[in-house]
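Novice: Residue numbers (my numbering), protein chains in the order written: chain A, 1 to 757; chain B, 1 to 105.
It should be emphasised that the hints constitute simulated quantities derived from the structure, not laboratory data. Values in this document were obtained by computation on a predicted structure and should not be read as measured data. Some hints here could point you the wrong way.
Derived DSSO-like pairs: lysine-lysine, alpha-carbon spacing no greater than 30 angstroms straight-line [claimed, not checked]: (1) Lys93(B) with Lys104(B); (2) Lys730(A) with Lys93(B); (3) Lys669(A) with Lys180(A); (4) Lys104(B) with Lys56(B); (5) Lys725(A) with Lys93(B); (6) Lys31(B) with Lys725(A); (7) Lys122(A) with Lys180(A); (8) Lys179(A) with Lys725(A); (9) Lys122(A) with Lys171(A); (10) Lys31(B) with Lys730(A); (11) Lys56(B) with Lys725(A); (12) Lys31(B) with Lys104(B); (13) Lys90(B) with Lys725(A); (14) Lys669(A) with Lys179(A); (15) Lys104(B) with Lys730(A); (16) Lys90(B) with Lys730(A); (17) Lys662(A) with Lys180(A).
Spelled out from the first residue to the last, the chains are:
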Amino acid sequence: MHSLIQLSIVVLLLPLLSFVILIFFNRRLPRRGDFIGVGILGAAFGISAYIFWSVIVQTYDPAFRVAWDFTWIDLGNVPGVGPLQIRMGVVIDNLTSIMLAMVTLISLLVHLYSTGYMAGDKNYGRYFAFLGIFTFSMLGIVLSDNLFSIYIFWELVGLSSYLLIGFFFEKDSAADAQKKAFLANRVGDIGMWLGILILYSQFHTFSFEQIYANLAAGKFALSNAWLTAAGILLFMGCVGKSAQFPLHVWLPDAMEGPTPVSALIHAATMVAAGVYFVARIFVMLTPDALHVIAFIGACTAFMAATIAITQNDIKRVLAYSTVSQLGYMVLGLGVGAYSASLFHLVTHAFFKACLFLGSGAIIHAMHHEQDMRWMGGLRKHMPWTFATFTLATLALAGLPLTSGFLSKDAILAGAIGFAKVEGGGIFYLIPVLGFFSAMLTAFYMGRQIWLVFFGESRTHLKPADNHHAGHHAHDSHAAHSDDHHAYHGVHEVSWNMRAPLVILAALSVFFVYSPDPLDGAKGWFMKMIPTPATVVGEANPQIGSLHAVTAAPHLAGVVPTAEAVPAVAEHGAVAGEHGEAKGGHLYSDSRQAEIVHAGHAAHYTAIYISSIMVVLGIGLAFVVYVFGIIDPDKTAQAIRPLYLFSLNKWYWDEIYDATFIKGSMVLAKMLSWFDTNVVDGIVNGVALLVRKFAFVNDSFDKHVVDGMVNFTAFTVNTTGAVLRKLQTGKVQTYVAMLILVLFGYFVFYFTRLIRGI
Amino acid sequence: MEQFTTIGLNHYLTISAILLGFGLFAVMTRKNAIVVLMGVELILNAANINFLAFSKFNGGMEGVMFALFVIVIAAAEAAIALAIVINIFKLFKSVDVSSIDSMKE
Numbered sequence: 001m002h003s004l005i006q007l008s009i010v011v012l013l014l015p016l017l018s019f020v021i022l023i024f025f026n027r028r029l030p031r032r033g034d035f036i037g038v039g040i041l042g043a044a045f046g047i048s049a050y051i052f053w054s055v056i057v058q059t060y061d062p063a064f065r066v067a068w069d070f071t072w073i074d075l076g077n078v079p080g081v082g083p084l085q086i087r088m089g090v091v092i093d094n095l096t097s098i099m100l101a102m103v104t105l106i107s108l109l110v111h112l113y114s115t116g117y118m119a120g121d122k123n124y125g126r127y128f129a130f131l132g133i134f135t136f137s138m139l140g141i142v143l144s145d146n147l148f149s150i151y152i153f154w155e156l157v158g159l160s161s162y163l164l165i166g167f168f169f170e171k172d173s174a175a176d177a178q179k180k181a182f183l184a185n186r187v188g189d190i191g192m193w194l195g196i197l198i199l200y201s202q203f204h205t206f207s208f209e210q211i212y213a214n215l216a217a218g219k220f221a222l223s224n225a226w227l228t229a230a231g232i233l234l235f236m237g238c239v240g241k242s243a244q245f246p247l248h249v250w251l252p253d254a255m256e257g258p259t260p261v262s263a264l265i266h267a268a269t270m271v272a273a274g275v276y277f278v279a280r281i282f283v284m285l286t287p288d289a290l291h292v293i294a295f296i297g298a299c300t301a302f303m304a305a306t307i308a309i310t311q312n313d314i315k316r317v318l319a320y321s322t323v324s325q326l327g328y329m330v331l332g333l334g335v336g337a338y339s340a341s342l343f344h345l346v347t348h349a350f351f352k353a354c355l356f357l358g359s360g361a362i363i364h365a366m367h368h369e370q371d372m373r374w375m376g377g378l379r380k381h382m383p384w385t386f387a388t389f390t391l392a393t394l395a396l397a398g399l400p401l402t403s404g405f406l407s408k409d410a411i412l413a414g415a416i417g418f419a420k421v422e423g424g425g426i427f428y429l430i431p432v433l434g435f436f437s438a439m440l441t442a443f444y445m446g447r448q449i450w451l452v453f454f455g456e457s458r459t460h461l462k463p464a465d466n467h468h469a470g471h472h473a474h475d476s477h478a479a480h481s482d483d484h485h486a487y488h489g490v491h492e493v494s495w496n497m498r499a500p501l502v503i504l505a506a507l508s509v510f511f512v513y514s515p516d517p518l519d520g521a522k523g524w525f526m527k528m529i530p531t532p533a534t535v536v537g538e539a540n541p542q543i544g545s546l547h548a549v550t551a552a553p554h555l556a557g558v559v560p561t562a563e564a565v566p567a568v569a570e571h572g573a574v575a576g577e578h579g580e581a582k583g584g585h586l587y588s589d590s591r592q593a594e595i596v597h598a599g600h601a602a603h604y605t606a607i608y609i610s611s612i613m614v615v616l617g618i619g620l621a622f623v624v625y626v627f628g629i630i631d632p633d634k635t636a637q638a639i640r641p642l643y644l645f646s647l648n649k650w651y652w653d654e655i656y657d658a659t660f661i662k663g664s665m666v667l668a669k670m671l672s673w674f675d676t677n678v679v680d681g682i683v684n685g686v687a688l689l690v691r692k693f694a695f696v697n698d699s700f701d702k703h704v705v706d707g708m709v710n711f712t713a714f715t716v717n718t719t720g721a722v723l724r725k726l727q728t729g730k731v732q733t734y735v736a737m738l739i740l741v742l743f744g745y746f747v748f749y750f751t752r753l754i755r756g757i
Numbered sequence: 001m002e003q004f005t006t007i008g009l010n011h012y013l014t015i016s017a018i019l020l021g022f023g024l025f026a027v028m029t030r031k032n033a034i035v036v037l038m039g040v041e042l043i044l045n046a047a048n049i050n051f052l053a054f055s056k057f058n059g060g061m062e063g064v065m066f067a068l069f070v071i072v073i074a075a076a077e078a079a080i081a082l083a084i085v086i087n088i089f090k091l092f093k094s095v096d097v098s099s100i101d102s103m104k105e
């Protein structure tokens, strides 16, 4: 076993250890054991950082990969199928080591932050235990080398998110939100499982490596439509976990959980899992499946951005911005901008964690006020929070010099390139929606910054009657009722909540990822995570390789002709040595090669358009909120239907309520009617029939069977009564009878004798 | 005429049958067990007469031998039967065979 593998298993098990210790012993430990959670996560992060250092910094090889697996369940030689095994394993490549470091770092910071934010909660110890199992589940997904263990940890993530979203389960809204999250995830997971089964039925293995090798060798016996279906079904898992349209409804409601948990869910553990999973299965997605993924991502990005501009709850704005950014990532994967998408996953994780922890600091300081309409002027009271929050906001909006700019630009460039290669008008919808969402992002984040940090305090404007209704929705553990005097107590948060903000804000700057503030492709990240060559291009590898050769002249620089054929022969068959030459990209599939090429070509176009869009968005926010040229309330009145459409989140909850929930209620009522009338009717009818039959049977018994028995008894009795008289007990009677019989015999005998017989 | 003057087989058999009839009558009708036993003796002797008569008219000694055996058995039978009667008397304080009906149960 490679030493990195051993270390990664230690990293995986440490949070589980934290969970086990804290769930059983938190009441016996000083400070409810929070130092154990923080300390263990610190150790896990330390080891992860070492793995990151030795893989990314020391090795610096795009094709680095070590794996180890073992037979978990041996099903033996199954009749008619052959030998079946379920293997478990760990894989470490560049993506894994980056994800490990990111997840443990954010989890560590969230742990640290929670020691301040959650202080005094009555379930303080259990909270840290749940954080531990949440981190464990996510690390399991990151390290898995096969679909089966990913599915196990996937469900564990679902469970732990359920536990944490409903952490304040005394509140109905939190209990509802946790159920909603769990059910929405179930819908996606069913699809994912079906996708896994399609692949397993073909190849009898769950391992990514073997599945891709088989696919590359053209061993998929079913039609291509099945492969597309498998891809889309697996993607359904991501739709649930990463809150893509149409299963995005749970994520905003998940704001009912404690704010640090929101940071963890939105940045590191849960929603990242979906995107990470699609990245793992990226090479087996057919072009059709990728189109579906791209369109769903674009729709999600646009829809969530339009909703975010009208929300008033500080956390809900951030929640919809997360949905929107996840839409970007999925869009990126769909258009084939694999590296850019994962790049955005990581950069987004840091600045979104920063934003959530910052909003947590604000909520904490404001005594659990979450409505931005009653905030304002916090800049002077909370300088640290203001500075970090603003930096993260700029990264989210995608301003140059931030990490978000690099990654978002790379995705949008990929989208333009994709639209060009596909050539159809409808495909231009994807980059257009992406750019439009970028503008909306800049606008709503500008609005949020302005409402929260600038201007004058508006706490006194809060209507009194609203006060109570709003209060119940807060994620409060110690309810304060003196919100009217909140500003007297507003102050900067303590160091253990400030330090994570500073670290995360520092990771939102461009030079962490790339030396060039305008081009992420020059940075280490995009070099270390190259787009892997697809294994399903052009239906089978032979045709694919032909295309690569013939396509080479007009793709000069992307596909070196001389190396194409041997590389293709190698790719897929030898794991870890895909057809990518170390110097540049080399793709057997002409479509993929063209998209990558076009994506690079569109780089500067994307920069120009997205910069213009961001400036437009921020400018609009300034015009509306800073200079007051356009009154937001009057505008909202002027376009009231649109405003309400956005404020009510496109009415998705209402639509689901009217269709699925009402539908299942109606169905349940129908089934109930069916039960009471038909099923019960059948049962009762059968019971009636049985009763009738029993009556018939009873009389038959009484009259016929008993009659026969009684008749026999009667006969025997009568016969006995007659015969009893013969037995007198007197010898002389017997002698008389003997003589009578003898006499009778003589008579009979002599009669025959006389008759001469 | 000869059939009246000469004593033939039929005469013997007739005597024997009459004797058997007396014996049976005694066995079936008498109440006293001793008299019943006497009836049995009569029946046995009726049989003896038959044996001897057939022996006489057919020649050979088989009938005589049988008669001798019957006499011996009759003696033995009388001894045993009287012993039984004594026991019955001890048990029932009576030798009235009509009142002894415990075989009924």
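Novice: Which of the listed hints are not met by the structure?
Specialist: Structure breaks hints 4, 8, 11.
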